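Undergrad: Each chain, written out:
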Amino acid sequence: MSDTINITLKVWRQKGADDKGHFETIPVKDVETHMSFLEMLDTVNEQLALEGKDIIAFDNDCREGICGMCGCLVNGIAHGPLKAMTLCQLHMRKFSDGDTIAVEPWRAKAFKVVKDLVVDRSPLDKIIQAGGYISANTGGAPDANSLPIPMEVAEKAMDAAACIGCGACVAACPNASAMLFTSAKVSQLALLPQGRPEAAKRAINMIRTHDACGFGNCTNERECEAVCPKEIKITNIARLNREFIKASIGSDVM
Amino acid sequence: MQLESKVPSGPLTEKWSKYRGEQKLVNPANKRKFTLICVGSGLAGAAASASLGELGYNVKCFCIQDSPRRAHSIAAQGGINAAKNYPNDGDSIWRLFYDTIKGGDFRSREADSYRLAEVSAAIIDQGVAQGIPFARDYGGLLANRSFGGAQVSRTFYARGQTGQQLLLGAYSSLSRQIATGKVQMYNRREMMELVMVNGKAKGIIVRNLITGEYESHAGDAVLLCTGGYGNVFYLSTNAESCNCGAAVKAWRKGALFANPCFTQIHPTCIPNSGDYQSKLTLMSESLRNDGRVWVPRKKGDKRAPNEIPESERWYYLEEKYPSFGNLVPRDVASRNAKQVCDAGHGVGPTGYAVYLDFADAIKRDGRDVVERKYGNLFDMYLNIVDDNPYETPMMMYPASHYTMGGLWVDYELQSNIPGLFVLGEANFSVHGANRLGASALMQGLADGYFVIPYTVAPYLASIYGEAGQVKEDNPAFKEATQQVDDGFKKLMSINGNRTPDSIHRELGKVMVDKVGMARNEAGLKEAIDKIRALRDEFWKNLKVPGILDDFNKNVEKAHRLADYLELAECMALDALTRQESCGCHLREESQSPEGEALRKDDQFAHVSAWEYTGFNKEPKLHKEPLVFENVELTQRSYK
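So the protein lines, in turn, are chains V and R.
Position 96 of the first sequence, counted from 1, bears residue number 96 in our numbering, the numbering being contiguous throughout.
Position 301 of the second sequence, counted from 1, bears residue number 301 in our numbering, the numbering being contiguous throughout.
Source of the hints: derived by calculation from the structure; they are not laboratory data.
Computed from a predicted structure; not experimentally measured.
Keep in mind that the hints are not guaranteed to be accurate.
Claimed, not checked - No more than 20 Å apart at the CA atoms, straight line, and that leaves these computed lysine-lysine pairs for PhoX-like:
#, chain 1, residue 1, chain 2, residue 2
1, R, Lys489, R, Lys530
2, V, Lys15, V, Lys29
3, R, Lys253, R, Lys543
4, R, Lys623, V, Lys126
5, R, Lys253, R, Lys200
6, V, Lys15, V, Lys53
7, V, Lys29, V, Lys94
8, V, Lys29, V, Lys53
9, R, Lys543, V, Lys53
10, R, Lys557, V, Lys53
11, V, Lys109, V, Lys20
12, R, Lys489, V, Lys53
With the sequences and hints as input, model every part of the structure.
TA: Put into structure tokens, the structure is as follows:
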């Protein structure tokens, strides 16, 4: 059932943020094509471990495409060659015998390399902390059906809410901007009536924090949209811009 | 040891309001004097941290991933139950309670399960207030669906990502508290030890997973919200980092571990395809609504499924259970799949898979209809297995999915260690021997948002004079850190030639085979011997490459495996002593004349709570009798 292929990995190895880092070439033989990409890395690591060598550090957790923890550049593309998929859902059957595969961490000023393929994405948390919420303390919420929301609006909000915070958009952007990520949360909450009271403050504070974290600006390259595993659309960035302009002109939160 | 459940007196329906009316409160000005430690940031942990921060407590929250948003609650797909009765189809708090306790095969406390049903509606209100985009009808009101065979539509959902949306809702509230400074968040930390002072939980030691450093954190109470132990089976639907470490550390310190043999095996997962397999992906159970389960009648039949004529196909569920057919409950479906594979009828590369065939559904309803219902699942299957389910039957096999057992807690979610509270999947309290579909999310959030903010107060009020007294310079922290470090150095010094994964994989096979869905005395005894042998192998022949003071996944895996190797034996022992079939599990010696699961209420209507007695020593069993005053205990029948 399963075929095997031989590949050559060129993996980024970097001991920590202060290390310069380099590519290491690792030939990998007899890779079963039914393996996922991460399972291929597991088997390489198992071999390295038995040889007493330092294993390749990479982030991953759920391995079903929803937690947002995994992600590397595979041959320069965030999450690899498949559209709308996280790295953990990529399988080795998408590669051919004899392929050389370059694997690198997300490259962005705001994401420091922790080790090898692992980066620090905590700036994304900081953006959410700056306003990616509705201030509703536990308890005392009105009945859930007291606020009807048109289905199309709820669906649009859900489209934006599907973001998994993996950071691929940042890695793919020539400016290393996290605008797609930021706009997804701003959009979700701005679309819903519950989110309107804080919409202006939210847009401004999240953008300010985004910039302060060292993310670049959006210049409509659309690279983010192309690699997003959850197909978050850049129309969200347009919505963010509208929210930001509205907030800047028409409100007193500036 | 006397297990005091602390269930309030009075009628079932009034217990929780009576409790809330009479419990001691902590004065708002005093709340800021207390520091609460919350381990875990999933639904229970994030909800608790946010809610307690809002109340004015100082909270320190710890998560194992790089962000609290990644906890494994995120992976739940189907939905969340709530007794809202929006569809007007006869649901009520009582019915949700009854379904929960009956679904759990009468092995949970009435009062705890009732409270869960009682607070369920408020979870939906809270979620909507947070901006969770639940599915809606054209009129703009919330949509509901029936789930897991329930007769009422009480399940709320957000596409197939309900867990994700609920977790992100809790994460957003948590983020808001982090911004105010009421919650301090510690990412990439794993709890290594529970620190006790004068018999009370007063802090934890964590390992920084980037640097390997140990850190001490003192607090006035410790909340474990660390999920279940499903990864003991090695292959499961759980995430890579899900582990039982925090619970086992508490167990070793004296907290009782309740009903460890109650684990849930999900029938429809994509099967294992080789030894490299790292996890099993769950496919929605809804597939069984239209798919027909079969295996070849002839043992070891290697023909492609389409070459096997109808007369040689064994639709074993339809034959054995004519009235429920392919829709028998999870445990029955799972158990039968294993039985036919054990008997040699299994298919696929490993012989451990059964077919789930949509050919009839496609013929009957057309490909369009099937695609509309299951298109995304079929795509997912195609991507993983590289086989087109529209043309060849899917292959499915059961996998470990959820654990109902967990640390023993009383009505206040407090373990038998004062100051140690346990929330969500990590405790044992509400699901009994089996959990209903769409109830895991409900419990995590109920515990975090609506139970713990009330039930932690009486304990804190009782230790008011001690608030903030124990600090990180207390000798107990130094001592605990030393012990943790000694433990790690010991692991690193074994220097054998087996990686943690290779031993864990072997443990998983023993657990799936002997301590899984169907068990018998001989098999369980054999499992205990094998687990002990594997533990010996681990401590003699483990290899952990790399160094301790580093980001080193092998160190993490080795450490977690040491915990699994101890808990696994307790699971087998628990299964051995529970000589009845119940919930998810068939005890082969306890069957009706028709071969159905037979519960023995006269002997086993109790919680089995295990006390740790030392390394390589048999844990000691304590029993909390379960008293049923409101429901009649009935036996299930699916014939």
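Undergrad: Now tell me if each hint is right for this structure.
TA: The hints, checked one at a time:
no. : hint                  : result
1   : Lys489/R <-> Lys530/R : 26 Å, violated
2   : Lys15/V <-> Lys29/V   : 26 Å, violated
3   : Lys253/R <-> Lys543/R : 28 Å, violated
4   : Lys623/R <-> Lys126/V : 47 Å, violated
5   : Lys253/R <-> Lys200/R : 10 Å, holds
6   : Lys15/V <-> Lys53/V   : 13 Å, holds
7   : Lys29/V <-> Lys94/V   : 16 Å, holds
8   : Lys29/V <-> Lys53/V   : 18 Å, holds
9   : Lys543/R <-> Lys53/V  : 11 Å, holds
10  : Lys557/R <-> Lys53/V  : 16 Å, holds
11  : Lys109/V <-> Lys20/V  : 14 Å, holds
12  : Lys489/R <-> Lys53/V  : 18 Å, holds
Violated hints for the displayed structure, listed by number in ascending order: 1, 2, 3 and 4.
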